[in-house]
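Q: Given next are the chains, with one letter for each unit.
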Amino acid sequence: MTEMNMVQAINDALRLEMRRDDRVVVLGEDVGKVGGVFRVTQGLYDEFGDDRVIDTPLAEGGIIGAAIGMALYGLRPVPEIQFADFIFPAFDQIVSEAAKYRYRSGGEYTCPMVIRTPVGGGIRGGHYHSQSPESLFIHTAGLKVVCPSNPYDAKGLLLSAIRDEDPVLFFEPKRVYRAAKGEVPEGEYTIPLSEAKVVREGKHVTVVAWGAMLYEALASAEEVSAREGIEAEVIDLRTLWPLDLDTIVESVKRTGRVVVVHEAPKTCGFGAEILTLISEKAFLHLEAPPVRVTGWDTPFPYTLETDYLPLQHRITPALIETAKF
Amino acid sequence: MTEMNMVQAINDALRLEMRRDDRVVVLGEDVGKVGGVFRVTQGLYDEFGDDRVIDTPLAEGGIIGAAIGMALYGLRPVPEIQFADFIFPAFDQIVSEAAKYRYRSGGEYTCPMVIRTPVGGGIRGGHYHSQSPESLFIHTAGLKVVCPSNPYDAKGLLLSAIRDEDPVLFFEPKRVYRAAKGEVPEGEYTIPLSEAKVVREGKHVTVVAWGAMLYEALASAEEVSAREGIEAEVIDLRTLWPLDLDTIVESVKRTGRVVVVHEAPKTCGFGAEILTLISEKAFLHLEAPPVRVTGWDTPFPYTLETDYLPLQHRITPALIETAKF
Amino acid sequence: MQVETNVKAIHGGAGIRTPERSLEGIASVIRADGTADPAQDPRLPLALVKKLYVAMVRTRVIDERLVTLQRQGRIGFHIGSLGEEACILASAAAMRDQDWIFPCYREFGALLWRGMPLQAYVDNMFGNANDPAKGRQMPDHYTGKPYKFGSVSSPIGTQMTQAVGFAWAAKLKKDDLVTSAYFGEGATSSNEFHTAMNFAGVFKTPTVMLCRNNGWAISVPSEKQTATRTFAEKGVAYGVPAVRCDGNDVLAVYKTARAAVEFAAAGGGPTLIEMMTYRLSGHSTSDDPRAYRVEDEVTHWRKADPILRLRKHLETLGAISDEEDAKLRADVDAELKACIEVAEATPRPALSTLFDDVFAEKPKYLIEQERECLEGPRPQAHH
Amino acid sequence: MQVETNVKAIHGGAGIRTPERSLEGIASVIRADGTADPAQDPRLPLALVKKLYVAMVRTRVIDERLVTLQRQGRIGFHIGSLGEEACILASAAAMRDQDWIFPCYREFGALLWRGMPLQAYVDNMFGNANDPAKGRQMPDHYTGKPYKFGSVSSPIGTQMTQAVGFAWAAKLKKDDLVTSAYFGEGATSSNEFHTAMNFAGVFKTPTVMLCRNNGWAISVPSEKQTATRTFAEKGVAYGVPAVRCDGNDVLAVYKTARAAVEFAAAGGGPTLIEMMTYRLSGHSTSDDPRAYRVEDEVTHWRKADPILRLRKHLETLGAISDEEDAKLRADVDAELKACIEVAEATPRPALSTLFDDVFAEKPKYLIEQERECLEGPRPQAHH
Ligand SMILES: Cc1ncc(C[n+]2csc(CCOP(=O)(O)OP(=O)(O)O)c2C)c(N)n1
Ligand SMILES: Cc1ncc(C[n+]2csc(CCOP(=O)(O)OP(=O)(O)O)c2C)c(N)n1
Ligand SMILES: [Mg+2]
Ligand SMILES: [Mg+2]
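So the protein sequences, as listed, match chains B, F, G and A.
Start counting at 1 in the first sequence, then tack on 239, and there's your number in this note's numbering.
Start counting at 1 in the second sequence, then tack on 239, and there's your number in this note's numbering.
Start counting at 1 in the third sequence, then tack on 201, and there's your number in this note's numbering.
Start counting at 1 in the fourth sequence, then tack on 201, and there's your number in this note's numbering.
Since the hints were made in silico from the structure, they are not lab data.
Accuracy of the hints is not assured; some may be wrong.
[Said to hold, decoys possible] Derived pair list, reagent style DSS-like, types lysine-lysine, alpha-carbon separation capped at 30 angstroms:
1) A:LYS565 to F:LYS442
2) F:LYS492 to A:LYS563
3) A:LYS563 to F:LYS520
4) F:LYS492 to B:LYS520
[As the list claims (entries may be wrong)] Just a sample of chain A residues kept apart from chain F, beta carbon distances all over 10 angstroms, derived:
5) ALA228
6) THR236
7) GLY274
8) PRO318
9) GLY351
10) ALA371
11) ALA466
12) ILE508
13) GLY519
14) ALA527
15) ASP532
16) GLU545
17) VAL559
18) PHE560
[What the hints assert, rightly or not] Chain B regions said to be covered by chain G (calculated; three or more residues, Cβ under 8 angstroms):
19) 271-285
20) 294-307
21) 325-339
22) 533-545
Everything numeric in this text was worked out from a predicted model, so none of it was measured.
Glycine residues also receive a C-beta, built at the ideal position from the N, C-alpha and C atoms.
Kindly generate the complete structure, drawing on both the sequences and the hints.
A: Spelled out as structure tokens, the structure:
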């Protein structure tokens with residue numbers, strides 16, 4: 240065990256898997272010598288050389304399209320998109336190609352690859368360095384979507400993602416890249432891409448969150464516990480899709496109340512899906528309207544960022560209201 | 240009044256507005272001499288010439304990116320994307336640029352344009368000539384989304400869309416392009432981009448649908464009325480976003496039951512948002528779990544298309560179950 | 202300066218609508234009288250040339266029958282290669298056994314050349330239970346991994362970047378293989394052409410970019426697609442060698458493509474080949490070209506039919522007879538007829554296949570949807 | 202054949218890391234001794250040259266101060282134009298009053314040249330209530346419609362296609378205006394460069410494509426961006442005339458850009474200009490270039506500083522003195538200091554502005570969200 244932040248844990252996972260499996264290649268903008276703008280791939284270029292840690296021209300469509308070709312060949316590409324906000328030039332290759340390859344070819348071709356990209360707000364990035372586009376990919380059949388909240392999960396989930404037989408979007412919450420620290424085992428270990436984690440037990444209200452917002456949810460849970468004696472059960476999804484619905488439903492059946500927190504705009508965000516699934520599975524157990532605490536339905540602002548994000552100050556009243564409903 | 244199908248009604252709207260407002264230009268692949276692969280722009284090239292009805296190179300990103308430039312200049316471009324499935328090469332220009340121009344420039348710049356594109360299944364188009372990507376655009380703040388179900392609405396909504404000050408995605412349900420016929424007034428008229436329409440009144444269950452699936456919903460409504468005496472209230476959204484939530488909530492408060500029908504895959508489809516909004520606004524009025532009848536969470540199939548689509552055979556049991564819950 | 206002179210040369214060009222003009226200065230092998238220009242002749246074994254002829258005729262006959270089949274409503278759609286058989290077959294033949302082909306959507310001839318049984322292709326046209334694509338895609342969206350042949354998808358251009366990535370992977374693994382990507386001249390306007398060419402140039406991937414310039418992108422003539430005189434010129438922007446060849450001349454296409462394959466295999470990197478040909482049919486069975494092009498143009502190109510051209514060449518070699526030709530067509534007809542009967546008698550894919558292959562393992566929610574679908578009512582026939 | 206010879210020429214090239222090599226055969230005006238090459242001299246009025254010098258120095262001083270401000274944590278971010286002032290100012294000056302400029306993100310100098318008050322720019326750097334962008338975007342994502350200047354967005358390349366569409370619209374309306382689009386050499390790899398250039402070529406739009414080849418795309422050197430020797434060569438793929446110029450030579454940039462503007466205004470269509478320059482600073486205040494480039498390279502280019510170059514030229518004309526220079530810098534300092542004081546004293550945008558300008562009219566659901574936000578609790582300070 241050593242203490243690591245998320246950047247270090249992800250770097251460690253990449254390094255271990257590249258040593259273990261020479262099919263793994265990393266490609267993207269600035270991933271080479273400089274180790275990525277967030278330094279996540281730092282040192283890999285020196286250890287594995289420019290055949291496996293590749294600086295590409297400035298074209299996300301090229302990065303993903305070429306990675307698909309590599310995956311079809313039999314490699315395990317791990318392309319990096321510098322910011323999730325810049326994934327859209329590659330959107331066609333991801334949703335029309337990577338997501339559909341196995342299905343459309345009757346299972347002949349598969350497209351195992353992990354698209355790593357920093358996601359979310361909290362670094363004063365404004366419109367284009369802050370967005371959380373997960374629901375666009377969850378809506379697309381054939382993609383898995385992961386978003387770890389801490390170093391331990393990040394390493395175990397990334398190793399599983401690289402070994403998975405299907406394309407995985409691996410969203411890294413940049414707000415806690417360095418802030419989230421924790422003990423991480425030295426060697427390999429995997430966390431299945433199917434299990435959410437109850438990170439705080441409680442009987443009054445269920446809170447579903449992931450990535451950076453998990454910490455806001457936990458802070459609110461402690462706040463309402465101290466102030467109101469409300470005990471919130473907090474679930475960290477870890478893997479967004481496929482969703483570990485059983486864990487959520489089991490919890491909601493006990494609490495009868497649920498609040499989902501996410502940074503993405505409210506409308507057609509993943510929160511809507513989670514709450515609808517809950518009402519499909521546990522309608523008669525619901526004692527209060529399911530609640531969403533999310534980014535507003537506007538582009539992501541700069542100066543007013545903390546007023547935009549669903550932080551503790553907005554989660555706390557939602558928990559109290561829902562618990563007391 | 241003359242009877243028209245949707246192709247004719249949309250063509251009529253384009254022609255009228257191009258005569259009235261010389262800022263309106265049509266551009267896209269094959270929209271010129273041949274009048275589009277569905278003949279929606281037929282005759283416009285002959286009447287308005289190749290300065291206003293423009294065949295472009297094969298690049299959706301170019302079509303939309305150039306149209307944005309035209310809109311910034313002060314024109315009213317009406318770009319056509321040949322099939323909604325092919326909008327993704329232009330996704331970055333739509334979600335990163337058109338949707339955000341007004342906001343990011345503090346209101347200095349605006350981007351009024353209407354992106355017309357045929358949507359949905361029913362023509363045996365398989366993976367890439369059948370999809371319904373509306374929820375991706377509804378999730379993106381700054382876009383309006385329209386999907387008419389009949390010639391009268393198509394004409395009135397398109398005229399409103401072209402006169403709107405903001406970017407509009409105008410989805411045309413190709414399955415009923417010719418099948419949906421109706422009386423259409425000769426001259427101009429507009430239908431506001433804010434009003435859903437109750438197309439069948441009923442007191443037992445509310446059904447929300449749009450585009451081609453409206454007819455399946457109506458067929459099921461008649462079926463359950465005849466077979467079970469269940470009276471479904473059917474709402475045609477017409478404009479998907481901004482959503483006319485009041486009309487839906489008012490209906491659900493009366494029926495206590497709701498079924499949403501759409502072709503897009505279930506997960507993170509617009510149905511999830513509609514049902515979540517309903518439970519936020521009318522939770523205590525719900526007497527049965529809100530239900531979704533949608534495309535399955537797979538790519539869009541070819542041979543098994545009718546088993547994939549949420550047609551009458553799947554809507555009917557949902558109505559009965561929900562009404563009897 | 203290099204670039205400027207170039208640009209002048211381009212602006213000098215008057216577009217390529219006149220075929221004569223467009224072929225000016227392009228290497229052809231088979232001359233008007235059917236003989237091979239000795240200076241250009243790749244001197245292929247006669248057996249190979251015959252094999253190519255047979256494959257081209259087979260492709261042509263299948264094309265014609267499938268169009269009829271679609272008109273009869275027995276298949277939903279067909280997109281063929283009428284007039285483009287030389288481009289497609291000769292460039293496929295130029296690839297080595299270990300090389301991989303990434304198709305556009307007109308290359309079923311190349312797929313059959315690579316060994317897919319006709320039955321499997323016809324099953325794809327019917328989307329039945331035996332279709333390798335399991336009836337999930339439209340007709341002509343075939344998949345041929347066993348034949349080192351890609352999976353067709355409709356979005357224009359995506360296969361180019363993938364072909365480059367595949368070749369790049371092989372290069373990184375020191376695996377001696379070359380990839381080719383087919384695309385039309387219209388696709389050169391797509392994002393994918395740009396990234397594929399740029400990545401191929403920068404990483405020197407062993408890729409042959411096969412542009413079928415058939416004059417049209419549905420209703421858009423090739424000269425509206427670009428301001429350049431040729432599409433080959435686009436190679437300059439990527440440092441990728443580019444050549445044009447007479448796309449209706451089997452020997453010229455083979456020679457050019459083979460040189461590019463050997464260049465790539467030798468570590469030289471990618472080549473862009475513009476094959477000058479013509480789409481004799483409509484874009485697909487959904488298209489009526491009379492709405493946008495003049496008959497004269499088609500008539501002109503009918504005379505340049507690659508099959509007639511090769512047949513004339515074979516005649517000069519005394520290597521073909523009318524009887525042989527007639528038998529060849531009759532055999533393909535019979536073979537195809539039999540395949541169609543089998544395909545029509547084959548049931549549609551099982552309902553449960555709808556939920557397979559979304560992922561390697563079926564997640565719980567899909568198992569639930571599958572159950573809901575299988576246990577639910579079936580659609581009425583009229584749908 | 203045209204294309205092949207070209208390609209050979211390209212493969213002959215050894216990349217452009219050595220600046221001498223890269224500038225070989227490129228038109229410069231200001232010679233080593235500071236005098237203008239009579240054969241090349243555009244003979245601009247001295248007043249204009251002086252004005253350009255003043256603007257370049259002003260840009261430089263502002264850049265330096267803003268970096269300090271960021272280090273002090275008083276602004277969140279800055280992305281500047283250190284070393285690229287000649288490209289930016291001279292190409293902006295070459296545009297006519299009715300012409301429109303579509304910026305990348307390093308062109309605040311051009312925005313000030315076009316008349317935006319320094320206060321407004323500084324307000325944007327602070328994202329305060331007076332920021333024309335209403336504090337909604339990062340610093341240096343300015344918007345300048347009153348000055349016929351676009352709205353900066355981060356996604357690389359999108360402004361190019363929009364600049365082409367804008368110019369195309371004007372052309373359709375017989376409106377005498379030209380647009381220019383700024384972008385870095387890295388952006389030539391983007392989808393947008395391809396579609397912008399192709400549409401500009403096909404529709405002959407009056408657009409000047411201004412490529413600042415500053416040698417780097419963050420940490421990626423320009424030779425890894427393309428296999429071509431130059432970026433100007435890419436014009437060939439689109440039938441768009443292309444030229445390179447010495448980007449650190451104000452007179453050469455002005456002359457080249459002005460010719461392109463006049464060519465476009467006369468109906469000649471687009472031109473691609475590759476301006477050879479160098480990014481003396483890190484990519485932005487978030488970047489430390491020592492991680493990926495050698496000091497020698499920077500040192501070399503420091504000597505080629507466009508401001509020193511122009512200053513030397515003015516000296517040969519006896520048109521500049523140390524006193525003048527010192528005063529100029531002191532004035533900008535004072536002006537900037539005052540603006541910063543005002544900007545820092547200006548409150549952040551009102552909370553309600555968060556919900557404005559999503560649409561022309563605020564829909565009901567946004568009015569509800571606005572109420573929820575305004576009536577709800579405020580975030581703790583530590584966030
Ligand atoms: C991204 C995308 N846009 C539009 C289409 C519709 N479409 C199918 S084929 C075609 C024309 C292609 O022309 P070309 O590239 O010359 O190939 P050809 O059909 O002539 O062989 C178009 C516009 C598509 N399939 N994908
Ligand atoms: C689509 C997209 N991908 C990646 C980025 C991140 N990024 C910002 S600037 C930059 C490098 C741009 O280099 P160049 O085009 O040469 O312009 P320069 O910064 O050198 O002026 C990158 C990769 C982005 N902003 N947009
Ligand atoms: Mg073509
Ligand atoms: Mg650069």
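Q: Mind verifying the non-interface call on PRO318 (chain A)? Its CB should be farther than 10 angstroms from each CB in chain F.
A: holds, 15 angstroms
Q: So is ILE508 (chain A) really clear of chain F, every C-beta pair being over 10 angstroms apart?
A: Correct as stated: the minimum Cβ-Cβ distance to chain F is 31 angstroms, above 10 angstroms.
Q: Are all C-beta atoms of chain F more than 10 angstroms from that of GLY351 (chain A)?
A: Check fails; 8 angstroms does not lie beyond 10 angstroms.
Q: Can the stretch 271-285 of chain B be counted as covered by chain G under the rule of three residues or more with Cβ-Cβ separation shorter than 8 angstroms?
A: violated (count 0)
Q: Quick one, are LYS492 (chain F) and LYS520 (chain B) close enough, alpha carbons at most 30 angstroms?
A: holds, 22 angstroms
Q: Find the nearest Cβ of chain F to the Cβ of ALA527 (chain A) and say whether that gap is larger than 10 angstroms.
A: Holds, because the least Cβ-Cβ distance between ALA527 (chain A) and chain F comes to about 37 angstroms, which exceeds 10 angstroms.
Q: Apply the coverage criterion to the stretch 294-307 of chain B and chain G: a residue qualifies when its Cβ sits closer than 8 angstroms to a Cβ of the chain, and three qualifying residues are needed.
A: Contact hint for the stretch 294-307 of chain B vs chain G: holds, 9 residues under 8 angstroms.
Q: If we take the beta carbon of PHE560 (chain A), is the closest beta carbon in chain F still more than 10 angstroms away?
A: violated, 5 angstroms
Q: Mind checking the alpha carbons of LYS563 (chain A) and LYS520 (chain F) for me, to see if they're no more than 30 angstroms apart?
A: Distance of about 20 angstroms is within 30 angstroms: holds.
Q: Classify the label on THR236 (chain A) as holds or violated, using whether its beta-carbon is more than 10 angstroms from each beta-carbon of chain F.
A: At about 42 angstroms from chain F, THR236 (chain A) clears the 10 angstroms cut-off, so the statement holds.
Q: Do at least three Cβ atoms from the stretch 533-545 of chain B come closer than 8 angstroms to Cβ atoms of chain G?
A: violated (count 0)
Q: Far enough from chain F: is every CB of that chain over 10 angstroms from the CB of ALA466 (chain A)?
A: holds, 16 angstroms
Hint violations for this structure: numbers 9, 10, 17, 18, 19 and 22, all remaining hints satisfied.
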